[in-house]
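First to last, the protein sequences are chains A and B. Quick note: to get my numbering, add 437 to the position in the first sequence (first position is 1). Quick note: to get my numbering, add 2 to the position in the second sequence (first position is 1).
Hint data in this document are derived by calculation from the structure and do not stem from the laboratory. Incorrect hints may have been included.
[Claimed, not checked] Simulated restraints, written as ranges between beta carbons of each label pair:
1) S584(A) to A196(B): 34 to 44 Å
2) S584(A) to I43(B): 17 to 27 Å
3) R181(B) to Q501(A): 22 to 32 Å
4) A203(B) to V546(A): 48 to 58 Å
We treat Cβ as the ideally placed atom computed from N, Cα and C, and that holds for glycine.
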Amino acid sequence: MRAIQMIPVMALAMSVIVAALPASAKTLPQPHGPVLLTLSGEIEHTNGDGTAALDLEMLREIGQTDIETETIWTDGMHRFSGVSLKALLDYVGAQGTMIETSAINDYMVEIPVSDAVTDGPIIAYELDGKTMSRREKGPLWVIYPFSSSSDYRTEVIYSRSIWQMDRMKVK
Amino acid sequence: MTQPANAPRRVWPNRARAGGGLLLALAAMCLAAIVFLTFEITAELRFLGSADSDNVHWTLSQAEVEFLELGNAIDHARVSGGSRLDQVVEEFDIFYSRMVTLSSGQLYAQLRLDPGFAGPVNTVRAQLDAMIPLIDGPPEALWAGLDEMATQLEALRLQVRNFSTAGLQHFARSSDESRTSIAVILQRLALVTAALLLALAVLLLHSRRIMARTSRREKELGFAYARLNTILETSLDAVIVAGMDGRILDFNSAAERIFKTESAAVRGKSIGEVMVPEHLRAAHEAGMDRMRTGGEMHVVGQGRVKLEAMRTTGEVFPIELAIERATTEEGDLAVAFVRDISRRVASENELVQARDRALAGEKAKAEFLAMMTHEIRTPLNGVLGNLSLLNDTPLDTAQSRYVRNMGISGKLLMQHVDAVLDVARFESGVETGREETVHIGQLIQDIVDSQSITAQANGNRLTWAWSDRPVEWVRVDASRLQQVLVNLVGNAIKFTRDGQIMIEAEAHEGADGLRLDLRVIDTGIGIAPDDQARIFDDFQTVSEAQSKSINGTGLGLSIARRFITAMQGEIGLESTPGEGSVFWLQIPVTAQEAPGMPEAQAAFVPTTDLPPLDVLLVEDDDINLEIAQEMLGRMHHVVTPARNGQQAVEIATARRFDLILMDIRMPVLDGLEATRRIRASGGKSADVPVIAFSANVLPEAKERFAAAGMSGFLGKPLKGAELSELIATFFARETSAQSPPPDAAPDASAHAPPASPGRFDTLAARHSAELVVFFDDISRASMDRAEIAERAHKLAGSAAAFGQHDLRAALVHVETTAEAAADTDGLQAALTAARLAWQNAPAPHIG
Numbered sequence: 438m439r440a441i442q443m444i445p446v447m448a449l450a451m452s453v454i455v456a457a458l459p460a461s462a463k464t465l466p467q468p469h470g471p472v473l474l475t476l477s478g479e480i481e482h483t484n485g486d487g488t489a490a491l492d493l494e495m496l497r498e499i500g501q502t503d504i505e506t507e508t509i510w511t512d513g514m515h516r517f518s519g520v521s522l523k524a525l526l527d528y529v530g531a532q533g534t535m536i537e538t539s540a541i542n543d544y545m546v547e548i549p550v551s552d553a554v555t556d557g558p559i560i561a562y563e564l565d566g567k568t569m570s571r572r573e574k575g576p577l578w579v580i581y582p583f584s585s586s587s588d589y590r591t592e593v594i595y596s597r598s599i600w601q602m603d604r605m606k607v608k
Numbered sequence: 003m004t005q006p007a008n009a010p011r012r013v014w015p016n017r018a019r020a021g022g023g024l025l026l027a028l029a030a031m032c033l034a035a036i037v038f039l040t041f042e043i044t045a046e047l048r049f050l051g052s053a054d055s056d057n058v059h060w061t062l063s064q065a066e067v068e069f070l071e072l073g074n075a076i077d078h079a080r081v082s083g084g085s086r087l088d089q090v091v092e093e094f095d096i097f098y099s100r101m102v103t104l105s106s107g108q109l110y111a112q113l114r115l116d117p118g119f120a121g122p123v124n125t126v127r128a129q130l131d132a133m134i135p136l137i138d139g140p141p142e143a144l145w146a147g148l149d150e151m152a153t154q155l156e157a158l159r160l161q162v163r164n165f166s167t168a169g170l171q172h173f174a175r176s177s178d179e180s181r182t183s184i185a186v187i188l189q190r191l192a193l194v195t196a197a198l199l200l201a202l203a204v205l206l207l208h209s210r211r212i213m214a215r216t217s218r219r220e221k222e223l224g225f226a227y228a229r230l231n232t233i234l235e236t237s238l239d240a241v242i243v244a245g246m247d248g249r250i251l252d253f254n255s256a257a258e259r260i261f262k263t264e265s266a267a268v269r270g271k272s273i274g275e276v277m278v279p280e281h282l283r284a285a286h287e288a289g290m291d292r293m294r295t296g297g298e299m300h301v302v303g304q305g306r307v308k309l310e311a312m313r314t315t316g317e318v319f320p321i322e323l324a325i326e327r328a329t330t331e332e333g334d335l336a337v338a339f340v341r342d343i344s345r346r347v348a349s350e351n352e353l354v355q356a357r358d359r360a361l362a363g364e365k366a367k368a369e370f371l372a373m374m375t376h377e378i379r380t381p382l383n384g385v386l387g388n389l390s391l392l393n394d395t396p397l398d399t400a401q402s403r404y405v406r407n408m409g410i411s412g413k414l415l416m417q418h419v420d421a422v423l424d425v426a427r428f429e430s431g432v433e434t435g436r437e438e439t440v441h442i443g444q445l446i447q448d449i450v451d452s453q454s455i456t457a458q459a460n461g462n463r464l465t466w467a468w469s470d471r472p473v474e475w476v477r478v479d480a481s482r483l484q485q486v487l488v489n490l491v492g493n494a495i496k497f498t499r500d501g502q503i504m505i506e507a508e509a510h511e512g513a514d515g516l517r518l519d520l521r522v523i524d525t526g527i528g529i530a531p532d533d534q535a536r537i538f539d540d541f542q543t544v545s546e547a548q549s550k551s552i553n554g555t556g557l558g559l560s561i562a563r564r565f566i567t568a569m570q571g572e573i574g575l576e577s578t579p580g581e582g583s584v585f586w587l588q589i590p591v592t593a594q595e596a597p598g599m600p601e602a603q604a605a606f607v608p609t610t611d612l613p614p615l616d617v618l619l620v621e622d623d624d625i626n627l628e629i630a631q632e633m634l635g636r637m638h639h640v641v642t643p644a645r646n647g648q649q650a651v652e653i654a655t656a657r658r659f660d661l662i663l664m665d666i667r668m669p670v671l672d673g674l675e676a677t678r679r680i681r682a683s684g685g686k687s688a689d690v691p692v693i694a695f696s697a698n699v700l701p702e703a704k705e706r707f708a709a710a711g712m713s714g715f716l717g718k719p720l721k722g723a724e725l726s727e728l729i730a731t732f733f734a735r736e737t738s739a740q741s742p743p744p745d746a747a748p749d750a751s752a753h754a755p756p757a758s759p760g761r762f763d764t765l766a767a768r769h770s771a772e773l774v775v776f777f778d779d780i781s782r783a784s785m786d787r788a789e790i791a792e793r794a795h796k797l798a799g800s801a802a803a804f805g806q807h808d809l810r811a812a813l814v815h816v817e818t819t820a821e822a823a824a825d826t827d828g829l830q831a832a833l834t835a836a837r838l839a840w841q842n843a844p845a846p847h848i849g
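Looking at chain B on its own, in the form it has when it is part of the complex (with noise of 0.2 Å):
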């Protein structure tokens, strides 16, 4: 293995590393102090190895003895009457030669400064200077001479004594000084080889030390280094550690497993070679290039990366893999982890497949659910149509009951099939929530109203309160949420008797926004434990004893709780059996501004006085037509029945009727492209309003109803007084109104009114909204010329309604232009124009 880069190093303490320089700096010093100590001792020793000194004891008693020699041979010359006398001048130029060694010798140099010893023996070399001639005379004269030079000898014989004491005494000081001297450095040096020894030892302590220390670290780093090579030995994951130029170094266990090879036929090799697929080995050696160069990485450092990788067998398999780059002694190296997955891929695949199966069943069975209602609906449109035509003929008592009965039944079945149909549309993904301006107390009011009735005749009281600061105006999915309240309010009535029903409401402000909590709270039967968990899954109603005498689908709360968790909210519940129910909810709003109030009152118009008109009724179904037929003869209405689109357009382009009611869904042309080729036809009935008649009531169906140029609504089973109500919108206000708009006719939409007030409202604000939309779509995506115009002609239709009458004229030029040819200029210029009429627009008012 490698050492990896952030590996600890082997770190000598600072303070040990202090202290070993300090000892070797003693150690030296005193090695110097040695060595300078040595030389002194081995020139001492040279000293008294050369000594200069010959015997000087003996030099100089030997001069003395010397010297009585001469006086001796004086004594025997004289004795034996100058026979010898040859002995005499021996015995001088002896004791001569010494007085030369002692007055000029270098030896005596330093002993000649010591008047003691100089003046002696020079006053002995002048006296001996002063003999020569008589010596180095003839016999004869030397024998005469022979008793004065006897008596200057005697002369001598004190000085002779005196440099002899003299000589002795300075030689033996000058010893004495040079032991001295020899034995103080050999103190220091004693001194000094102690120190070094000590130094030396301590020196050799602190060595120990850090050996103990070095072995124990090594002991240390090859346990470390068996525990990883355990470790990667035993590694799940393969471990692959490759040199900079891609050969394989290092291949694990696990690595020889998973690539199906053995670590010493791979090792050297390079690993593109080795483990990468073909396709991938471009794009690998990229990869290598950049790791060398220091390029950047996609791979290398950048944690786990999914990848497919090659085993010998030529197996391609996908794999995780992780590349880390370390430094080492001998280079950089990269070191790659790499985990098998394809088991992991295969069982993914496999829940991926089994999930999308799953999810292709449920819509399916959704689309199936809502179908069916759907069709569910149709003929009880007509049974329940049929009753209410039934209850205006001549009934004796007992039917009239059976009527009433069998309406109760029939309005109970469409109630089901509406909550069964709320579900399917919810779960197929076909409705979503749309978000509009309400005032929240307006909305909860509105619902403590329509539900007072029913909640008197079962004895309770229904109220409602903010239970602190109130909130006005927000913008919610307010027709969800009162669908959820009109739900959980009609439970409590249900479930309760002669008691107290009480709507809380309470706004605050969260950490993500503004929450509105809204509690129904009733002194019901309440519900148990055992039920509650259960109460907001599908078809879930509480236990028989409790729901013997009530009547649901178990659809409510369900529905209840998947529009709650749409809009982001919670919904839940606290009950005590026997005290009652909180049911409660809490949904993020947006607070809003008011929005300007519209003159709405104007909107309502007497449903009398209604001229009768001229009617084309275009339904396939017998029955639906007869109903139909039926309700609008009684309103005085004459009726022409058309029995597909077809009949229609051909009936409609011949003559000219007041309104045009026009079924949906029929065969041979269905109602949309019957009422387009109506519009398009230029006929009679070019221009008259056409009532859209239709048992799909999805709001997304109603747009498609006035893209194609229908101008109003009218849901099934058709209700009379929903009936009268539009024909009166449409026709009161062309007798009661001064003049109509000159240029309205054409586009019958100008008379959709809103059915009541707080619908208005509605309606306004989402026409104002989807004027926002559209310019800002326009400014900022590029829209087909298609679209353009199709959204132009909507919101020009919805102008006309709301009396923004240059706004529409505007939206009408942009429409057209939109549909002429591809003259991008005008239309750049239509649009401009339609966006300064939008500025300027009044607010969306009736009138």
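Here chain A stands alone, though its shape is the one from the complex (with noise of 0.2 Å):
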């Protein structure tokens, strides 16, 4: 009874240890399509020259969301899927507060790490189940979950909702 009981204790004294070390760096696989996304500053884990160039291939792996919701850009409900932001910024063990994100003209917004939360924004890559061209606002467009919250519907939200994302700085 006792050792039974002891074993959930180790787990839970274990993982409070691992979160409070730093985590060890760690070298993310290389990119083998096009690179969607490239990933510098605080961050632990890279695959090369402290960035992490990441392709479709690699995003999609990290794990897939979906949001259901209008835009004020499109016209009608659309379902987005991409990766979420939280997952996103876990999986290269950013380490800041802010975000500088850039979009391929040079259109450049920072992005809170505080909105990186579970059923937040997410880097989507699909429009409706189709990956998005770079006419239609793709490859990459950060979505926030508009239709859910009133609190999404801002004027300081809409402009994080960078659409041709291609450089994330994480500070």
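Put the two chains together into one complex; each comes in its own frame, and the hints tell you how they fit.
Written out as structure tokens, the structure reads:
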């Protein structure tokens, strides 16, 4: 009996210790397809030269999150699929508090790390099940769940919903 | 203490209540308006906050920038010789995606309704769509079409400029509208808020006023409560408050004092247990039950009730108790006020005893006086009778004068004794007034007639008159009125020399019936004011100087006062010394119809021509016997004396007499019994007239005599005139009447005649009245047979005397039936017959 009880206690203790220690840097796999997103700055896991370059395959591997929402830039309800910002930041071991996000045309906006929550924004790579071309604001579009809460329907959030996004710098 | 049921409730004035309600309604309306406006503002703010706007201006200008970037990229590509074509594609994609946003994004849906915006956007979009095959095609083709593309884009420059400007204007306008709308709402909100604040302020003031009033009331109530408590605590009456279950809730200090206990000791206990004596407990419990169930209350709410209570020491004492029921919030209560009246009851009892003793003493005194005077009358009769005889013997001049003086003194003494007897009889309650119907003018005239000789002796003129409308027949206690008037007139004559004496009569209708005023006015010496007050008291005479030549017992006016007071009248005087006096009296009388006049003159019978009679004289007193014997002897009657009743019965049984004179009070056998025995003996004198012969002149006595079977009455002292008149009424008729009534003989009372016409009227009226009373009594009350017999007998006698022979026979039948046995039917029949005979009987008359 005593022994059985000990197991979850020890597991808890272990996880606490892991969380408390600085996670050891890890080398990410190299991208095989075209690089869609390059992360830099305060990240722990990289795949060369202090940056993490990710292709669509790698983004898909992190895990997919879907958001059904309307946006002010499109017409009607759409399903966006992508990797959640939270999962992405975890994947690269981001340490900062602010993400400097840039688009192909060098449009730049800052997204606070605190926005990265479960059921929060995603880095969408599919619209209604199809990858998005550059003309369709692809290949990556930061999408917040606008329809789920009025908190996401503010000008600040709209400005953070950057399309044709290709770079992230964690600060 | 408990709040009484009728204490004033705290009333909120209606006006204040209405005002408060209005304010509340207003405040509620304001609040609703504020909520509404707040919602609106929130919506506006949400619109602003979530403004689906992105940064519209930036986006629009960005479209221009990206258009220029595209042109730039094309220029670069053309200059560099097609090495930077991918740059052109990228810029195209960026501009294209911008144009997609503008042409299909919902943010611009409103804007697209403006043709100034939609037109250029669609033109640009169509142009871009047309370029797509070139852009997506091979780089060589793109390079070849690059110049063409530049030209086309150049043509679009103005279009891009136009939609950008139109968009900016549109958003500027709508932003203005939004601001204005918020401003208006905010203004309204401010107004409504101001109104609300005002309403709240007024409400606050209002509630402060009400609070002030409430606290003032509370203070007042507190004072009232304290005052009430002080009153209760200092009250001399015990105040006890109990619940409906009889448990004591409050017990003030007077209650502690009276019941000899302490409030704390009895609170919560049952009233019955603490205060009600054992013999009243059952009644108390029943009363409490009635109070609880709302039954009929005997004590509660009935004012003060006398009861008994018990102290904790067990002592039972009298109380005065008042219980009221009060309804309060805590339920119904009984509030009892108890007064210890043991001291009062004790002193009342003492007073009652003292009064009883005093009354007993008074009565004894009056009885003693009556007996003494009565005892004085008898020997005095002897003296006067002997004087009367002596006067008839040969006397010389001196002796004559002595005899006359003795006679005067004797009569005066007799008057005094009579006066004292009057008072004594009145006080002892033996004498009661008797009303009869009289002609009031005749009554006064008789007095004037009888007193005028005396008046003339003093040189006075005596007259009388009605001062107003005269009345004739009235019902009044005539004999007393006569006595009073005689006394007043006598006094007036005594104290007036050579003057006027006037009797003034006046009748007037008062609130309570007819009243008769009589005034005896003289021009005599008058009465000093000091004497006026005491003149109606017993044994009061006027001062020495005035009365030196006048005698009196000082009882006349006090008797007059007694009689008039007994008749519910008033008597008084007004007098000025030296000028005269007015004695006035006022009595209530009842006006009457004139009674039928009998043939009174027939009663007058000459006193001469009387045959010598054989008389049995029964008298125990030697002197009286001798006087009577002498008088009868002088009238040539033959007298047989008997010394007591027993002798008389024996003699009368053995021998027939024409007349029996019977004294009443005698040793061995009294006159009444002797008469009864003579009547009952069936002896030789059983039916001869028996004349009572007594100093007892009370009317009651005469009735008793008649009841014993006596036929007439003579007062002592015996006067020759009266004696001969009486004898004449019996025997003159027998000689002069055609024939005596056949059945009248055994009842000698048939021969009792009136002494004079006035007297006859009185007797006849009385007889008629007695008949009425008799038949009335018989029909109303159950009378025992002996009484019926006695009264029928008496009435039969009177009926015979007044010529109502049929009625007499019927009454005799009633008498015998009543005496016989328990023959109820027979008696009833006899009574019915008698009633019929009475209704058919002629008016009383003589002959």
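task: Just tell me: holds or violated, for the beta carbon distance of S584(A) and I43(B) against 17 to 27 Å?
output: holds, 24 Å
- request: Note whether the CB distance of R181(B) and Q501(A) lies within 22 to 32 Å or breaks it.
  value: Since the Cβ atoms of R181(B) and Q501(A) sit about 44 Å apart, the hinted range of 22 to 32 Å is violated.
message: Taking the Cβ atom of S584(A) and the Cβ atom of A196(B), is their distance within the range 34 to 44 Å?
response: holds, 40 Å
- request: Starting from the hint 48 to 58 Å, judge whether the C-beta atoms of A203(B) and V546(A) obey it.
  value: Holds, at about 52 Å.
Violated hints amount to a single one, hint 3; each of the other numbered hints is respected by the structure.
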